[in-house]
Every structure is written in structure tokens, then in C-alpha cells.
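A.B. asks: Chains as they are written, first to last, in our numbering: chain A, 8 to 335; chain B, 3 to 278.
Bear in mind the hints are in silico, worked out from the structure with no lab data behind them.
Hints should not be assumed to be uniformly reliable.
[To be verified] Which residues of chain A face chain B? A partial, calculated answer using Cβ under 10 Å:
| no. | residue |
| --- | --- |
| 1 | D68 |
| 2 | L108 |
| 3 | I308 |
As the structure is a prediction and not an experimental result, all values here were calculated from the model.
The beta-carbon is built from N, C-alpha and C at its ideal position, and this holds for glycine as well.
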Amino acid sequence: MTVQTERPPSGAADVLEAGDGGPGRLKPRAVSRAGALAPYLLLLPACAATVLLLGWPLLKDFLLSFQNLNMAQLIQHVTEWNGIDNYKETLTSEDFWRVTLRSILFTAVNVVLIMVLGTLVGLLLARLGKRMRFTLLIGLVLAWAMPIVAASTVYQWLFAQRFGVVNWVLDKLGWHSMADYSWTSSQMSTFFVITMLIVWMSIPFVAINLYAATTTIPVELYEAASLDGAGVWRSFTTVTLPFLRPFLYATTFLEIIWVFKAFAQVLLINNGGPDRLTEILPVYAYIEGIGNQHYGMGAAIAVLTILILLGLTAYYLRIVLKQEEDEL
Amino acid sequence: MKRSLFGRLWPNVTAVVLFIGFVFPVYWMFATAFKPTGDIISEDPVWFPVDVTFEHFRTATQADHFWTYVTNSVTVTVLAVVFSLIIALAGSFALARMRFKGRRGFIVGFMLAQMAPWEVMIIAIYMIVRDASMLNSLVPLTLFYTMMILPFTILTLRGFVAAVPKELEEAAMVDGCSRMTAFRRVILPLLAPGLMATSLFGFITAWNEFALVLVLNKDAEAKTLPLWLSSFQTQFGDDWGATMAASSLFALPILILFVFLQRRAVSGLTSGAVKG
């Protein structure tokens, strides 16, 4: 997935937009009527595509969630409306709430790990000498670039029960019970593998961008701080951190979205198993909807998932929207 | 002095450890792909492929329909990138160069569109495509991939268009070019690097897409590479050599593109927080 943050609140990220010249400054001038229509005509294809290919599926999802749509109805092509039954059933099922709680915890753990470790690696990059920095950057970029499906397959191999490197290393380190350990046999160990995979894939993005942001901090600020008698720690908390704050907000928000819908990783590592214990919301919607062919129910879960995601990111979305309005 | 030596040493040591941690899975994928099966299933791991073999690559490329999947993936990805570039070029020009009512709304709209949770919408998309009798076709995949990368493409290109000095375009128009000709002759050539960078990130997204093709194209001949790779391991039992060879083949184009792009990713496109 690619996601773009346009302008996080202010500060660091603004400087990141080297390639983005921002809105062009135009002087109002007389334009003919055809000229006034031109921008809308130019935007028409993009808007049409968005309405048809994004708006329509969203609406369709909403409509499906009010239908009783299972295998039978699907084959006979009948539409049976059943009001809010799907929502009633979902919201009163223990499963749904368990999966929701699990998804939120899963997202929280991953995002905290990614942000903390990513920030540390980013700050380390800023401290390193040129050659070491370049080496570490290469490593980060390779991990960043690995396609999700390929990376998931590799992690399955690394954590394979027989001949997997991880078990071999743990065994050699003296943890002999791990010699033939099956990582996919329990909920926590499966989550451990998934978390390792996601954190490994996501740190580079945070670290590299954070490093890029630190390079834009004016040196004068540090000089001023040291003139005022600030030590290393103090100049970090009074100069570096405030400067990076908007960037950190923006990245945390993006990571929440990405981790919350980590569909492929969860499905590929262990298919949501063992015993459906590692299903997170998008996977749960998929298995209920497509797997068990309760399409209406699946759609209702999907709608609720989108609402939860909106709720989790509402605070940041509001900042971004307000920001755009002030700026454009 | 001892302390400063330590102070100089620890960042480098940490960096080396991190480097190994990040590179190892990628290295292990390639290493396993080139090792003979005997070295793969050995009690102690063989850390470096001593006897290089191409046998696993042969197994992978000779698997049923392999070349169909390559063709499918390439077709869908290239078409999606081209379509979204064409659509986005028009839109981004309007957003970067023209003032009109609702401009702000369009930009905010595309920003929101970019955050669309596609993985959660697959049930609805499945029903739409099924009702249109287009399951197992490359057409819906192409269209939806186009849409997946469109908002990013528009917003990024808008930045690149805005960065082209307006005076150049005006000069061309003073010299008698129409706005269209000015665009084609002046702006487009200057946009080339921007188009490259943007399209490569679109390429990565479409190449990697998994959730949608998983529900839409179940037929053996309609799959794309990610879907094939995800079922490869099950099909071939625990043939890790062939599985890693398949992964390598799939990941290689992206790894190459990304390493080339990395400078751009850091300098120009970070506004467009990009992730493969």
C-alpha cells in the first residue's frame, strides 16, 4: 500500500517536501467561461474513477451489510433485506468483540515497537559516520523493499519447525526445548512471528524518514542551545524532539492504519490460526464473509471495521483536514 | 580517552548488528534459493551457499502456469500504472496550476481516498465483480489497481507540476504556443523524473497486491504472482529451496527498483510517505 500524508501540522515535514513545491501562486486573471470549466474537465476522469471504483464499493459494502446474503441467495441472485440483523448479530457476538480487542492490542503493540525502535534507528543514522550510515541505509532499504508476500514466505522459512534458522539458533543458545518448536502451534507464538515480520518491514520507513527530518534541523538551534548551557540530553528534548514532533505524529498515524489492516501478513503466516486465534478484524471479515459465505455478515463486520479505524485515527484526521483548510 | 573510544564504537557496533538483522532475511532467501537441497535440510545451517545450484529456479519457473502468472502480473501492473498516470496528469495539472472553487475539497478528497482500507472492502468488490460476471478476469484487477494508486499519483504529481517554473510555460505561450502545446513541449519533459518516480511506486503497489486478487481470481490461469507465491509452498510440500527461488524471482525486480529509488524516496517523495 502506499499512503501519503500531505503536510503534517508544521515544521519538520514541511522541509521534507523538497520535491513538492506546494500550491502554485497564481494571480487571479480574467478567464473565459471555457477556461473556468477547464479544471473541472481535467479532474473529471480522476473523480469519475474515484466515485466508480472507490465510492461504489464503499456504498455497496454498506448496502450488503443490511442484507441476508449467504450461499443460497448468492446462487439464486436474490436480494433479501434483513434490516439491522447483521449488526445485531455481530455486535452481540462475543467473537466480534474478542477480535476487536485483539486487533486493537495487536495494533498498539506493533505501532509502539515500530515507532520506538524506528526512532532510535533514525537517531542512530544521524550519529553514524558516512560509510556506516550508507551501509545501514542499504540494509534498511532492502528490508523496506521486500514485497509482503515474499517476506511472509521467508519468515515462514526462518521460523520453520524443522531446519528453520531461528530454532537452530535458540537451540545453540541453550534453549533446547526450542529445537523443534512449532511457531504456528499457539496464538502467542504466531503473533510473535507476525509482529517480528511487521516490525522488521516497517522500521525502515520510520527510521529513514526520521533521519531525513533530523538533517533539516538548523544547526544554529543546537548552537544556541549549547550557548545557553544545554547538555546533550537537554538539547535533544528542547530542540530535536519538538522539531520532530509533527513528523512523529504523522508517522504514528500512518503506521496505525497500516498495521490495523495487516491482512496479508496475518493470513499468510498462519491463515489466522491456530483455531482462528490470530484473526484480526480485516481477516475476520474475510473469513466470515468469503470463507464461510456469510457475505452480508462479512459486509457488516467490514463496515464496523472501517468505523473503528476511523475512530482510531479521528484525532489525526481532524488535524490534517483543518490544516489543509488553513493552508490552501 | 577510553570513554570517547567507547562513545565512537557503540554506534558502529549497533549499526553492524542492525544491518545484519535487517539484511539477514533477504540474504537467507537468496542463499536458500541457490543451495542444493542437501544443504537446505541439514541439521546445522549452511551459512554460505558453497555449491551453487540453479535447480530450484528451474523447479519454480517450470511450475504450471508460471509464465502465465508473470504475464498476468506484468499486464495488470503496467496497465494500472499507465492509466493512473494519464488520469493523474490531467488532474494534477489542474490542482497545481489553476485556481477554482472546490480545489481544496478535491485535494482533501484525494487524501482521504488514499487511505481507503482496500483490504476491508474486498467483500463488496467481490460482489460487484461477480454481478458483472467478471471474476477471473484481468480487467477488474487492472481497474481497481489503477484506483489504488491514483490518489497517490495525483498528489505526488501535483507537487512535481508545481515545481516546474510557471515562467517557462508563460514564455512558451507568449511565443505562440497554445496551453496544450506548452504543456506538451515544456512541462512534460521537465516532469519526466517525477513521472518515473511516481510510476515506480505505483508499480510496486500493484505488483505486490494480494487481498483483492485473492478473492477475485481463483482460477489457476487468472492468478498473479503474489497469489501464486502464497500457495507455492503448500503445493510443493516443504520444498523450501524452490519456494525461496520463487520468492527471489518475485522480489528481485522490486528490490532493484527500490535501491535505485531510495535517494528519491528520501529527498523528494518523503512528503508522499511511501511504503512498498
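A.B. asks: Each of the hints needs a verdict: does it hold here or not?
C.D. replies: Verification of the supplied hints:
no. : hint : verdict
1   : D68  : holds, 4 Å
2   : L108 : violated, 18 Å
3   : I308 : holds, 9 Å
Hint 2 from the list above is the single one not met by this structure.
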